[in-house]
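So you can see what is in the structure, the chains are spelled out below.
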Amino acid sequence: MTYTIEGKTGAWEIVVGLEVHAQVISHSKLFSGASASYGGEPNTHVSLVDAGFPGMLPVLNQECVAQAIRTGLGLRARINLESRFDRKNYFYADLPTGYQISQFTHPIVGEGTVEIELSDGTVRHIGITRLHMEQDAGKSMHDQDPARSFIDLNRAGVALMEIVSEPDIRCPEEAGAYLRKLRQILRYLGTCDGNMEEGSMRADVNVSVRKAGEPFRTRCEIKNVNSIRYVMHAIEVEATRQIEVWEDGVEVDQETRLFDPARNETRSLRSKEDAHDYRYFPDPDLLPLVVEQAWVDELERGLPELPDDKRDRFVKEYGIPRYDASVLVAEQAIADYYEEVAKGRDARLAANWVTGDLFGALNRTGRTITDSPISAAALGGMLDLVSDKTINGKIAKEVFEDMLETGDSAADIVERKGLKQVTDTGAIDAAVADVMARNADKVEEYRGGKDRLFGFFVGQVMKAMAGKANPAMVNEALKKVL
Amino acid sequence: MSLTELTIADAASGLRARKFSAVELVRAHTDAIDALNPRLNAYITPTREAALKAAQQADEALVKGEARSLTGIPLGIKDLFCTNGVRTTAASNILKNFVPPYESTVTANLLRDGAVFVGKTNLDEFAMGSANITSAFGPVENPWKRNGDDAALVPGGSSGGSAAAVAAGLAMGATGTDTGGSIRQPAAYCGIVGLKPTYGRCSRFGTIAYASSLDQAGPMARSVRDCAIMLQSMAGFDERDSTSVNCDVPDYSAAVGRSLKGLKVGIPAEYRAEGLSAEIAAAWQQGIEWLKAAGCEIVDVSLPHTKYGLATYYIVAPAECSSNLARYDGLRFGERVPGDTLDAMYEATRRAGFGPEVRRRIMMGTYVLSAGYYDAYYLKAQKVRTLIRRDFTEAFQKVDVLLTPTAPTPAFAQGEQSDDPVQMYLNDIFTVPASMAGMPAMSVPVGLGATGLPLGLQLIGRPFDEETLLATGSALEQAAGFTHRPAIRAEATK
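Protein chains in written order, with the UniProt record's numbering: chain R, 1 to 482; chain G, 1 to 494.
Quick caveat, the hints were computed from the structure, so don't treat them as lab data. Virtual Cβ for every residue (Gly too), placed ideally from N, Cα, C. Careful: at least some of the hints might be erroneous.
Stated by the list, open to error - Pairwise CB distance ranges, derived in the manner of DEER restraints:
1) G:Q423 with R:S271: 12 to 22 Å
2) G:G372 with R:K316: 55 to 65 Å
3) G:A376 with R:D312: 50 to 60 Å
4) G:R87 with R:V250: 58 to 68 Å
5) R:H142 with G:R272: 56 to 66 Å
6) R:H142 with G:S302: 52 to 62 Å
7) G:Y373 with R:E247: 54 to 64 Å
With the rest of the complex left out, here is chain G (with noise of 0.2 Å):
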């Protein structure tokens, strides 16, 4: 098998077991994405040489038997993570040559234990987006293709840069952010696996924020096992960061594979929305009978306000948003454009630097901020977002987890959606309740659909109950016997 095809838990044995090196390990990688990157553009910004110098680092703590969980494994890092010394983009211009002198607590957890950072992955926009277009440094191509059909498809977003390098084989896993959904629906258009840690389980602090009181890093691989060992590494309080819960960390691998005897899956009514496709609808009722052959308990649950996730959502992020990218004036970091007076070198230096997807959301969030209608608006929205999380609380006196479609329909095609921002929000309406409550939510791979793409299910649990998440979800896994792969992967280069 090549290296490029491993899970994160056999390369880990295979780097102990000095089946080969870190260094052959990495450079598989490096030279996969030097290959591939110039199609998927899955990254902005490579680092092939510290990466391979890292490598060589990690086969010296291995001889030395000082390995640690991720000691040699090759990760691609979502460019809204600061690095330190490494370019930091946002995927935007404003900040397209800013390098951090800091390093983010979650990257900072990775490099303790042993990660290869082998470059910076796309996304949209600061994170503003569904179908990784909004990028200043462009699309990323999903990998995968639909049956006789050579269009170029969207990895989904924000994520993109992420799930297309992982599923392609250009990192064995990556670091994801999701506000909305932004982990786990790019893990669905690309069958991989992708997990929205509980808001607060992992650090923001050195996160480039999008909207404060959503985003949450979390990871994204090709298993839920290899999921399990990135979160280990990644989750924990941080002072730093006060949103950042104080509680142990469990260990999550020793939950992969547990059994659900006796496990209450929930079935939410109301994500058989209009709009999810036939195929999806078919595989979330295959989820269902395979989570009863495992022993799980079925139970119908409603989350009345679900049909206000959305549009909750699209208040509220703005809103935080419009705030958090204040700070890009010019002034301090980043491009500016110069003007004659302050207030028009703020104005130029803005229009440049920000994308129309972003300037869009900051207007929409100025708006439901500004005085005449914070209470129609952003006021009623934390109302209902306050409902929103009630629901949840309510289901999960009664079931364990819950399971539902990841996204309504498969990846479709660049170009395909993006003339219409409503019609592109909605591909996040499955993932936006669980964000708006808080609650650790997951996505995994069960099948293709008739198109040949990649069909996800969602899993969303108790806060802080990650565990749940990772049984149920390598649960599905074991039965979907997902070993699909895309068409443009490293190997297949080869």
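Just chain R, same shape as in the assembly (with noise of 0.2 Å):
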């Protein structure tokens, strides 16, 4: 599938490398002991080093380097064993330091790759280039007081992993199968929330466009972008206006620009002539990171099943659809809730359960798996009963639904509406007669070849049972008297 956007000379191609920051799920900030929670009032999760106080040193927190490393193993990226932090000098109001702790020449984690798979099913390999860890900025306000300036250093020293993208995405889409896919990695191995509403994981997205086979041509970077779906945006609006300013035969600059989702439009923030010189040079309070082999074999020994594994692993185990695996395994709740209802039953029938009905109950009262109505457990007690024939297909959806709004389980609900399957054959030979002997005319039919009737018959008569018979022994005594 190729992805091109007319331009009045013809089809371009666009070409996207993604850098996130994700924020690293930890207890205490990348070089001080201070909580690293969310939220919470200004400056209350700050310690003298994330201040910048004279005198204060970095500690590197052990537990941040860890995540680090789990991450570039769920990336299947090279572990580099020797990294180093670097000052990224610069003056900006929300470094208490004036200087940034992040790698810049030797990074912790090196190149690895991303598998997505599009709608069509498609599937494409993005290159990672590297993974660093830095430290987030505070936050500061200087237009509130005129002598004053406002200053909340709670996020100020949290640790972030920037995960670089080779420019391998060619389209919008494969920018959110990537995003998601990345965010669904990181879920997994617990070490980003992968949150981009709270900030925790946010995209910068560089852009360029070019004609097929040309080497990349200019690109410019979007800032700060806080969702998939504007990610994908304003990947669509910049590569439109880039080749606008190709055909009108002018240059595109190399700048950074943002993002306006209101306007659906990217703006210059600064250009490369006013771009930053941050003057980075090793980090003198540091020593170099060097880390064992022994413990990235322990970290790696320690990580959990990741999406794709489990993807393939439902196919060959459960023998449902790769696309319905890999839905389920969307999230780590929702494969969990899964497989607990599968365990021991039809793993087919319980794939169509969660992917049909329980995520249409979902979306529908705007909840997640988490805080599902129906648990695993009682989704099972449903299953149960259809496998033993205790009711149908058509009434467990009635049970379904009553197991929704009233939260009692499967037995209880067919228990008291008398819901039981019948499957007394006198009772459906009866129904069966009773309806044959109402729509003569329509057995006429029949018998003379319209063999869509027998569907007719079998609504009647299920009609007639009020939908408790067991549609199996119903066709067959239809057979028998037609």
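Each chain sits in its own coordinate frame; assemble them with the hints.
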């Protein structure tokens, strides 16, 4: 599938690379013991180190390093046993020390790859260039008071992972799929909550365009896009803009831009000419970071099953289609839910119920799998009633709706409403005879060759028996008399 | 003997023998500060009341037999060490009202061992200088005088306040920090002993940073033994400083007076540089003879990259300082000058807050780190630094300790060199290489020059072998019998 944008001079291809900032899940900050939790009154999660007080020194938090290594392993990437922290110096009011500690020349994680799957089933691999650790900045406001600045350093020093992709992305859909996959992996690993609304995951988008077969042209960076949908929009909008610039016979300037979703446009933030000179150099307060292979191995052994592996296992173990398996592994909690429902039961039936009725109900009620009104055990209980033919599939839908509303177990509902399937041949035969008698004309037509009417008779019999008849037995009885 | 003339070692035994009380000892020093500080300007912030209170507690501890190595000993603290609740300025306007709510590890260690802080000593602003003339709180005067000349001399820098206070009897010892010679050079100028330990030996936590990869705290005192006692307290691993080294602290006092039989002393040819005064060359030769007499073997060695030391230092140190001082922007602490925009506020604040020498080094550092020049300057300097370190490593395969002059000249008068920054930087030509290599080094006074000013010799040791420095230093001290005292001193005013 080749995605192109049609310009006046023909088709253009787009080239996209993403830099994702993912906030590390950790108890404390990258270089201090202060809490790294989100929210809280301003300046309640701040140590003297975070505030850049004179004489304060950073001390690397091992937990954050472990999280970065786990993430690297989850991205099937090379773990660099020796890495280094640099200072990135620039005047920015939100940086208490006047520099950011970041890994520049020697990141902890090197090349890796992420597999994505598109809606048409195409599988692609997006290269990861690197993953490095760095500190988040604080927040300051200078326009609230003429003589004072308001500063909140709760975020200052929180560990971030910057995950840089190769410019392998060729369409907005791939960008979306890549971000969703990345988020899924991070969440599985428990290294980042992937919450873009709270800013714990944000993306810088590098976009350029070219004619097929050309080398890369000038790229622009769109900073800090905070939803997957916006990333996809921004790529399209920016690519279209660049195509217009090129087709007007002008060069695209390398610059940093902002995406304005309200006006569906990107705007220049700063040009290359006034780009920052960050004045990197190795942070003299920190020793090079050296990790043992044995520790990396230990972290690898402790990794959870990753989504791709889980999907493949589901296909193999439960015999469900790859697409269904992908849907079920989208989140660890869904996968766990499904496995509980499927265990010892008809796994395909379980998959249909989870991806169909349950997801529908969750969507309708605005809930997630973790606060599902029907537990995996309860859904399993209902499926057991279907399997042992206590209820049929149609009644099961009714029971499911009741479960949603009342929270009662399927067995209780069947009992209370008297929904038990009728398997008494006498009752079925009687209903069949009655339907035949009342629809003599249709019987004639059927016998005259109008086979399609069979469904009509089934429906009438089921209706007469309030849906509780065993459908297989009804079929059999009808075939006999017809 | 006056209480302000005692060594720490003697005062500690005097206190234990109840010859005098800690309050008497401390009061003698705070009185001396009251009398002489208006002239010497060795202290930015004397802490008389707190010191007398601490002295009372020291006396109580002495009575209870709970005295530790420094109980009741009055010390000056370079105003680069953050002291809990006591103004800490780095001799800069930008921090002139900064009161830290925390204690540096080094000063906390000294307090743990019972020391009494009599005040915060003056220094070059943010420790940038070799003459203690860049302080926002005014220059420090060296208590020594040239023969027949009343010109005010510089005490050296940047720990000039500490050196002057110790020499003049306004403290029994003082803390210094040494980045390129800031302990050793003022020690030489003021006729005292100053020890820069191995980088990583003393924690940098709570010490205001100048150039982080070089800064190291160390003791300044009137005897080698006193430096050993102070270092014993100051040194040690600190998990709050990632560059502090986790290795045992030996018994430094035990090294003082140790036999030097068979010790190999290296004499690096490259230190016979131009600009080395004849009297210092003579003092150096005298030192060589003394160590020979003490049983040492003298070995000629070469440190071929010495000539690049100063140039490299003036790339690395400003680079780090430009980064370390970026936090002083008027936003969170320190002085703030309003401006129409945020950038204007930064500019006005930093222009008003930093003196010319600090601004010069920030500019140099910003330049050498900037994108187009990083490879040519900073990266090249780091490579040369590696070569300098290798010189020392190779020399120490042949010898145990190196002997060199500390500074090319004795103390000079205020104003004599201040108009030429490069000339000023040359004062550190002998001290900088050991700093670049992270080696421990010490300056010991060995005599007086023709004009009556003290001359110091420098000993440079293997990493974490401060003991050999102390042993060799005490041999020089013994041989020199340096008992001279400066013209301006506590006892002299009585």
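**Q.** Satisfaction of the hinted span 52 to 62 Å by the C-beta atoms belonging to H142 of chain R and S302 of chain G
**A.** The hinted range 52 to 62 Å holds for H142 of chain R and S302 of chain G, with Cβ atoms some 57 Å apart.
Q. Between Y373 of chain G and E247 of chain R, is the Cβ distance one that fits in 54 to 64 Å?
A. Since Y373 of chain G and E247 of chain R have Cβ atoms about 40 Å apart, the given range 54 to 64 Å is violated.
Q. Cβ-Cβ distance between H142 of chain R and R272 of chain G: within 56 to 66 Å?
A. 57 Å, holds
Q) That 12 to 22 Å hint for Q423 of chain G and S271 of chain R (C-beta), does it hold up? A) Given about 44 Å between the Cβ atoms, the range is violated.
(Q) The hint says 55 to 65 Å between G372 of chain G and K316 of chain R; measuring C-beta to C-beta, is that right? (A) Hint holds: Cβ distance 57 Å, inside 55 to 65 Å.
Q: For A376 of chain G and D312 of chain R, compare the CB-CB distance with the range 50 to 60 Å and indicate the outcome.
A: 53 Å, holds
Q) Taking the beta carbons of R87 of chain G and V250 of chain R, is their distance inside 58 to 68 Å? A) The hint (58 to 68 Å, Cβ to Cβ) holds, given that R87 of chain G and V250 of chain R are roughly 60 Å apart.
In summary, the numbered hints that this structure violates are 1 and 7.
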